[in-house]
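There are 2 protein chains.
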Amino acid sequence: MPQQDRAYATREAILHAAAEEFDQHGYERTSLTAVLARAGLTKGAFYFHFPSKDAVAGALVERQNELWAELRESWRARGADPLSALHGMFAESADRMAADVVLRAGVRLNAEREVGYPGVPNTHVMWEKLIATYVAEAGERGDLLPGVDPEAVARTLCSAALGARLISSATTACADFPKRIREVLAHVLPCVASSRWKLSGSQKTPEGPDGP
Amino acid sequence: MPQQDRAYATREAILHAAAEEFDQHGYERTSLTAVLARAGLTKGAFYFHFPSKDAVAGALVERQNELWAELRESWRARGADPLSALHGMFAESADRMAADVVLRAGVRLNAEREVGYPGVPNTHVMWEKLIATYVAEAGERGDLLPGVDPEAVARTLCSAALGARLISSATTACADFPKRIREVLAHVLPCVASSRWKLSGSQKTPEGPDGP
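Same order as they appear, the protein sequences are chains W and L.
The first sequence maps to residues 1 to 212 in our numbering.
The second sequence maps to residues 1 to 212 in our numbering.
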């Protein structure tokens, strides 16, 4: 294997091993020693790729951000209406997180940062704004019931998605996150969508790996 | 002040000072020294009341449980229908938490335990079961739309309430929690309630301290 590929493979092995440890034990209680043992690597190999445990954690959080950028682009490319895109992105992100420990670890690390350091760089506000733009766009198209406040819908969806992933993580290691996120969507979107949107049928998102 | 009252006052002073510290810094980064400095007490006074930092944290979590027991009893005594009682309990608990650092600290400590120790004594499952009994009872009375699954509603409400309090805590020190929890209720309950319940008008809960 060329040297560049080998370096890439080692970096991925570190990320995967660290993700397994962070996912199970959280940031504070994950030791570099355990990560190295799991990856079968030396400290030297580790420090060639990452300056610290914090740097690996940062890379894992970054993966999660990349996932969302990818999902946004994918649903834009499909030409989905805004509410259907929201439904699809929430559902797909849950499917991917349930299946991939690297994404899941990013979620947990983010959650720990959010709980542990209130006030610090706040991703919630950013997320709520992003989701609100989709809902507002739906309103402009006539896909919302009269009087629906896009920002309130965004706050409700972001709260429910955060809570769903934390509870799912704490109770089933995220196995039921796909089901939980679809329940959230099914209990909120019909409350705010106009019959025009509901009748269009465009909101159909494939069921999760385990069905509805 | 009689000795018993003084002991009670000291215990409350410790709880309050610890709540302020936990609320701001979380469990791990709160030191006993900071708690004592805030309360103006010696280590001896502290250890007379609590064997450890963990014991104070446990007492604060217990306060939150007592709040819910009290709210349940209060809404039962009012003879509210189950959905109205749910609405009232969620809204009132948010009002009380926003106003009282002792309750807020309990919430944060609980959240940290939940995030930090997945699998360990799980309060989520207990909460979801409790909320589901209210929703199921509403169904038996004809207050739900046909086909509504009480457990799915309970999971959605618990997720959204947990997420709302974490986001509110991280962004506004819980100041907007009363508003956020009412938004959640307004975006979920009308989705599942029958027109019989909606027309009964019994779901009216007083607005939070800051209005709707």
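Hints are not guaranteed to be accurate.
Unchecked claim - Covered stretches of chain W (chain L as the covering partner; in silico rule of three or more C-beta atoms under 8 Å from a C-beta of chain L): (1) 44-54; (2) 174-187.
What the hints assert, rightly or not - Quick partial rundown of chain L residues pointing at chain W, CB under 7 Å, derived from the structure: (3) P150; (4) A152; (5) T156; (6) A160; (7) E183; (8) H187; (9) P190.
Since the hints were made in silico from the structure, they are not lab data.
No experiment lies behind these values; they were computed from the predicted model shown.
Every residue gets a Cβ at the ideal spot worked out from N, C-alpha and C, and that includes glycine.
### Status of the hint placing P190(L) at chain W (closest C-beta pair under 7 Å)
holds, 6 Å
### Task
May I ask you to test the interface hint for E183(L) with respect to chain W, counting a Cβ-Cβ separation under 7 Å as satisfied?
holds, 5 Å
### Task
Mind taking a look at whether chain L covers the segment 44-54 of chain W? Criterion is 3 or more residues with CB to CB distance under 8 Å.
Violated, because only 0 residues of the segment 44-54 of chain W bring their Cβ atoms closer than 8 Å to Cβ atoms of chain L.
### Query
Can H187(L) be said to touch chain W, with a Cβ gap under 7 Å?
This interface hint holds because 4 Å falls under the 7 Å limit.
### Given hint P150(L) near chain W, where the shortest CB pair must fall under 7 Å
Cβ of P150(L) sits 12 Å from chain W, so the hint is violated.
### Task
Let me know if the C-beta of A152(L) comes in closer than 7 Å to any C-beta of chain W, holds or violated.
holds, 5 Å
### Query
If you take the shortest Cβ to Cβ gap from A160(L) to chain W, is it below 7 Å?
Cβ of A160(L) sits 4 Å from chain W, so the hint holds.
### Message
Can you tell me if the segment 174-187 of chain W counts as covered by chain L, using C-beta to C-beta distances under 8 Å and a minimum of three residues?
### Response
holds (count 5)
#### Entry: Restraint outcome when T156(L) is required to lie within 7 Å of chain W by C-beta distance
Hint on T156(L): holds, closest Cβ of chain W at ~4 Å, below 7 Å.
The structure shown violates the earlier hints numbered 1, 3.
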